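Protein chains: 2
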Amino acid sequence: MRNFKVGNFKLESATELSKINIAYTIYGDFAPSKKIVWVCHALTANSEVEDWWKGLFGKNDLFNSDKFTIICANILGSCYGTSFEIEEKLPLISIRDMVEMHQRLADFLEISKIDYLIGGSLGGMQALEWSVINPDFVKNLFLIATNAKHSAWGIAFNEAQRMALKSGKNGIETARAIALLSYRNYETFEKTQEDSEEKLENFRAATYQNYQGEKLKKRFTSESYWMLSKSMDTQNLGRNRISIENALSKITAKTLVIGIESDILFPISEQQFISKHIQNSQFKVLKSLYGHDGFLLETKQITENLKKYFEELNS
Amino acid sequence: MRNFKVGNFKLESATELSKINIAYTIYGDFAPSKKIVWVCHALTANSEVEDWWKGLFGKNDLFNSDKFTIICANILGSCYGTSFEIEEKLPLISIRDMVEMHQRLADFLEISKIDYLIGGSLGGMQALEWSVINPDFVKNLFLIATNAKHSAWGIAFNEAQRMALKSGKNGIETARAIALLSYRNYETFEKTQEDSEEKLENFRAATYQNYQGEKLKKRFTSESYWMLSKSMDTQNLGRNRISIENALSKITAKTLVIGIESDILFPISEQQFISKHIQNSQFKVLKSLYGHDGFLLETKQITENLKKYFEELNS
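So the sequence lines, in the order shown, correspond to chains A and B. Counting in this note's numbering, the first sequence runs from 1 upward without gaps. Counting in this note's numbering, the second sequence runs from 1 upward without gaps.
It is worth saying that the hints were derived from the structure and are not from the lab. Values in this document were obtained by computation on a predicted structure and should not be read as measured data. Check before you lean on any hint, since a few could be wrong.
Any copy will do: because identical chains look the same in the list, a pair fits if it lies in one copy or spans two.
Below, in silico cross-link-like pairs of lysine-lysine (BS3-like), each with a Cα-Cα straight-line distance of 27 Å or less [as the list claims (entries may be wrong)]:
| no. | residue 1 | residue 2 |
| --- | --- | --- |
| 1 | Lys-199 | Lys-10 |
| 2 | Lys-191 | Lys-10 |
| 3 | Lys-5 | Lys-35 |
| 4 | Lys-19 | Lys-35 |
| 5 | Lys-59 | Lys-166 |
| 6 | Lys-5 | Lys-284 |
| 7 | Lys-169 | Lys-34 |
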């Protein structure tokens with residue numbers, strides 16, 4: 001992991017951040033023959049994409065550092081190396097602010113274009129924004145399980161989580177348990193957390209919720225969870241751009257949009273909409289038992305779709 | 001509202017409850033010509049069914065006290081008049097325990113049969129149990145948006161709510177906000193809580209979640225919410241009865257099972273399953289924007305289905 005000092009930056013919400021440090025990871029060298037892959041990570045991930053997106057990023061995977069230069073920056077608000085001085089209250093960071101940090105880092109690295117920009121969920125939101133803000137900079141865009149405007153449903157899920165965080169005690173555990181409901185669905189729990197024995201309490205699904213909550217508590221902070229949850233809510237590609245459709249029409253990158261059929265948090269209608277309004281885009285649907293979490297787990301299906309995309313690109 | 005003193009009762013979980021009082025409401029007299037309608041209420045409702053199930057119960061509604069004797073008892077664990085002495089910790093009350101209280105009240109009222117037993121959600125769970133425990137007692141059974149065994153998904157939702165309650169501060173508000181996500185769905189929030197103006201925070205969906213939380217806090221207790229949430233988890237019609245299918249086959253009541261297409265908490269597959277295994281049952285599906293909450297709101301569609309049922313019964 002490397003560090004990039006940004007110094008000061010005025011957020012879209014008008015708050016001035018100071019002493020900003022952006023943590024980032026580069027896999028592979030900058031050999032001229034290598035295409036650049038930039039990964040935008042989601043809510044609780046970090047810059048070490050080979051750790052959390054195994055099966056898609058790694059020595060034996062489609063995106064390996066022998067063939068590609070792979071870059072991922074820890075997003076503004078996250079607690080995996082990226083930091084800034086917190087004044088009185090937690091600042092409101094928009095997706096556009098995150099992308100501004102990415103762009104500054106790219107400029108610092110003297111990157112003139114991104115060959116492949118990829119992101120799922122909150123990562124997809126950043127990838128979309130970047131492709132609107134700087135269309136010429138992004139050559140190919142891969143979006144998975146994301147949206148152009150965060151839904152009222154998604155905001156309601158996030159608010160329930162923030163209500164839990166506000167309680168102070170065990171807030172992040174509860175927030176994670178709530179989030180998990182949106183990342184999975186009825187079938188996921190039915191197939192993986194069903195009890196076979198007869199009992200009156202201590203059901204597997206309940207134990208699992210606590211387990212997942214405690215697991216996140218060990219590796220994440222309530223402050224970052226709060227800030228990134230608010231960031232997700234801000235996602236509106238159409239803000240100050242006439243309309244969402246108009247913003248999407250500015251994207252010139254060749255685009256592949258992937259949705260997951262069982263995703264209840266980012267239903268496929270949202271990705272269909274995105275794909276429909278980007279000039280040069282195709283839309284694919286994955287089947288998964290895991291709902292929204294499929295964007296991290298269905299790496300085999302994602303790889304197949306990307307391979308097909310590359311074949312078409314080279315033919 | 002009237003009171004029925006039960007005294008002591010040993011719960012299925014083996015805890016002995018003492019000083020039990022069951023609050024109940026009767027609409028209409030016991031004229032011999034009148035058919036008896038018994039209503040089992042859901043999580044945060046009470047015995048005053050004309051207050052919370054308007055459009056189905058009331059002077060100008062299908063179930064009116066001129067034609068029917070309507071009875072509803074506040075369930076064991078609820079805080080609307082029903083009470084008992086709480087010792088060290090909150091007792092674990094099963095759906096079967098609730099039904100045992102209903103039966104004792106029915107015996108006290110010298111009711112020899114229930115002509116129409118109706119319940120939605122947690123109320124449907126009780127109605128189902130009662131029809132298995134005492135099949136001859138229930139002549140017609142109306143079940144809406146309920147299940148024979150609570151799902152791993154439902155338990156996971158309830159556990160997230162209990163994690164919120166455990167935090168102590170503002171627990172019940174958060175629990176309600178979580179529950180609301182399961183009572184509605186993506187479309188409900190999209191159609192009713194979407195923001196038209198461009199902003200970075202204070203979205204309608206977030207405000208709505210807090211509003212609903214505060215509203216429940218004013219009228220419900222954390223202790224009752226905890227107990228009833230645990231009760232819901234216990235629902236397993238097959239417990240000590242070989243199988244769920246075997247239990248359902250014991251029901252002799254003529255049955256109408258209603259599901260709501262957009263219900264994500266009690267998906268219609270659960271009601272289809274119930275109907276399939278009851279000897280004399282039919283299954284209907286309602287369309288609703290409101291998901292699970294449709295059982296309270298779609299009284300017009302429920303009335304139409306019941307009217308049709310009555311016509312067939314009398315033809």
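Results for each hint:
{"no.": "1", "hint": "Lys-199 / Lys-10", "in the structure": "between (56 Å within a copy, 17 Å between copies)"}
{"no.": "2", "hint": "Lys-191 / Lys-10", "in the structure": "neither (47 Å within a copy, 35 Å between copies)"}
{"no.": "3", "hint": "Lys-5 / Lys-35", "in the structure": "within (25 Å within a copy, 78 Å between copies)"}
{"no.": "4", "hint": "Lys-19 / Lys-35", "in the structure": "neither (32 Å within a copy, 76 Å between copies)"}
{"no.": "5", "hint": "Lys-59 / Lys-166", "in the structure": "neither (42 Å within a copy, 45 Å between copies)"}
{"no.": "6", "hint": "Lys-5 / Lys-284", "in the structure": "neither (39 Å within a copy, 63 Å between copies)"}
{"no.": "7", "hint": "Lys-169 / Lys-34", "in the structure": "neither (48 Å within a copy, 54 Å between copies)"}
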